[in-house]
Amino acid sequence: MSSFDADVIIVGGGLSGLSAGITAVKEGLNVILLERGEYSGAKNVSGGRMYIHALQKLIPDALERAPLERPITKETFEIYCGEKKKLVFSFEEKEKRNSYSVLRAKFDRWLASEAENLGLLISYSTLVLNAYRENDGITLETNRGTLRAPLIIDASGVTSIVFRSLGLRNFTPDKWMLGVKEIVKSDVNLKEDEGEVRTIVNLIQGVKGGGFVYTNKDTLSVGMAVTFDSLPKSEVPAKDLVEAFRERLGIQGEVLEYSAHAIPYFGFKNLPPIYDKNVIAVGDSAGFLINDGFTIRGMDLAIGSGMIAGLAAKKIVDLKDFTKTDIYYQMLKESFVLKHLELAYSRFSLINRPETLNVYPEVLCNVLSDMFTVGEERKTLIEDALLRLKEKGISLTQAIKDMISAVK
Amino acid sequence: MIPLLKRLGLNKYNVDQKPHIEVNTDICLTCKDKPCTVSCPAGTYEALPDGRIIAHYERCLECGGALVICPFGAIKFRFPEGGVSYNYG
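Protein chains in written order, with the numbering used here: chain A, 1 to 408; chain B, 409 to 497.
Note that these hints are calculated values from the structure, not bench results.
Don't take each hint at face value.
[To be verified] Below, a list of computed lysine-lysine pairs in the DSS-like style, where the Cα atoms sit at most 30 Å apart:
| no. | chain 1 | residue 1 | chain 2 | residue 2 |
| --- | --- | --- | --- | --- |
| 1 | B | K442 | A | K185 |
| 2 | B | K414 | A | K233 |
| 3 | A | K277 | A | K86 |
| 4 | A | K185 | B | K414 |
| 5 | B | K440 | A | K269 |
| 6 | A | K217 | B | K420 |
| 7 | B | K440 | A | K175 |
| 8 | B | K442 | A | K106 |
| 9 | A | K217 | B | K414 |
| 10 | A | K233 | B | K440 |
| 11 | A | K175 | A | K26 |
| 12 | B | K414 | A | K269 |
| 13 | B | K442 | A | K175 |
| 14 | A | K277 | B | K420 |
| 15 | A | K94 | A | K175 |
| 16 | A | K106 | B | K440 |
| 17 | A | K185 | B | K440 |
Note that the coordinates shown come from a computational prediction; the quantities given were computed from them, not determined experimentally.
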């Protein structure tokens, strides 16, 4: 063991890496965490909404101390059907404290200081460039020299430097989304303990994905997430996507930051390898993202998988058998992380089909438009719906099948 | 619309002296559609009149997309040592 620098090296100081580090340190392991940014969060971007159940397990009094922005108390969905028609519905729950808007540069920095207070060693500005197997362990080449450990937790985000270097990743543009986002200064017109999430689809043509507006304390997070393979078909290039979106929504105010980040978009049945001899992947690096039409989330999965990785690391180190990383996978299967990913898969794949976010909204808009129009001719709702579906080449059987997978 | 370079100027950069992106521009000569030019949120990849691509690596927002946007594998990408630091994220 003396040739190793630590029991465990964690690559990446975002939510998953810090959660793994906090847990592993509490378990008494000798851990080093490498973060490429000058501080945790320097390189992180997320839409900005965290479901906090996992955070509260990691840090029980987090709600009193964490730099969260606003509790999300209102959900609004806006579905555009061409320029002139849109379908909007909202759901409000004023006492809801289940999810919060967050800004990751602030949040991750706070979580890193919590981790450091618990005794986690974090080496900042440390960029892992390559990883390879050597003498029953993994050697990491960094900009500050090489480091070795028998167990590596890859928390480096969607680009998974460790798994990728070991030949365990093969990325394609249909399984990644581009997230682009602006922070816009705004007098948020809400009470302090209220926040809104707007989810907006079909406003920009050609892309597969959607947009969002989250209310923070005194800013808005305005952005889009679309698959990389749809970008060449977009009516606006990637560099102008968020600006076009913001302008069409009529959101004004000083833009404070422009950011971008890739998002894993694999789905339960297409997840990449998440463990191998000597290595474990967590969070984005493991491809953990859920989109079930109601919730779009990765941060709670990052924290959850990180905590499990920390616990699994202790078991693996105690066994002194670093081929036994499937311990991590078995624990994940018992946890909410893989269970929720599996539960979400039916709607995930439905949303992923091109017609879902384009054709069905248009059919719905057309039917509503017909129902709200009065002339001498008038059809029953079902007649009209069938007609409007047929116009788009969708059979009743197909529509019913899709409806069933939508409620699964 | 706020021009791209003005938006990028809002961010804090510590640009590496050496580029962290390399493009095999011989491959670009045979590429007609040049998807990289419309897929990068930082407008890093610009097509020159001769058909080669120039990479303005100093604009990079480090999204990671460079690993998937070229169907011909012409882009060699790693993260920079310095690069962008987000204040909000």
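Taking the hints in turn, this is what the structure says about them:
1. K442(B) x K185(A): violated (35 Å)
2. K414(B) x K233(A): Given that 30 Å is the threshold and the Cα spacing comes to 25 Å, the pair holds.
3. K277(A) x K86(A): It is violated: about 51 Å lies between the C-alpha atoms, which goes past 30 Å.
4. K185(A) x K414(B): holds (17 Å)
5. K440(B) x K269(A): violated (34 Å)
6. K217(A) x K420(B): The hint holds at about 22 Å.
7. K440(B) x K175(A): Given pair K440(B), K175(A) holds - Cα atoms ~24 Å apart, limit 30 Å.
8. K442(B) x K106(A): Roughly 37 Å separates the two Cα atoms, so the pair is violated.
9. K217(A) x K414(B): holds (25 Å)
10. K233(A) x K440(B): Measuring from Cα to Cα gives roughly 15 Å; hence the hint holds.
11. K175(A) x K26(A): violated (35 Å)
12. K414(B) x K269(A): With a Cα-Cα distance of about 41 Å, the restraint between K414(B) and K269(A) is violated, given a limit of 30 Å.
13. K442(B) x K175(A): Holds. K442(B) to K175(A) sits at ~20 Å (cutoff 30 Å).
14. K277(A) x K420(B): Cα-Cα ~39 Å, so violated.
15. K94(A) x K175(A): It is violated: about 36 Å lies between the C-alpha atoms, which goes past 30 Å.
16. K106(A) x K440(B): Given that 30 Å is the threshold and the Cα spacing comes to 43 Å, the pair is violated.
17. K185(A) x K440(B): violated (41 Å)
Checked against the numbered hints listed earlier, the structure breaks hints 1, 3, 5, 8, 11, 12, 14, 15, 16 and 17; every other hint is satisfied.
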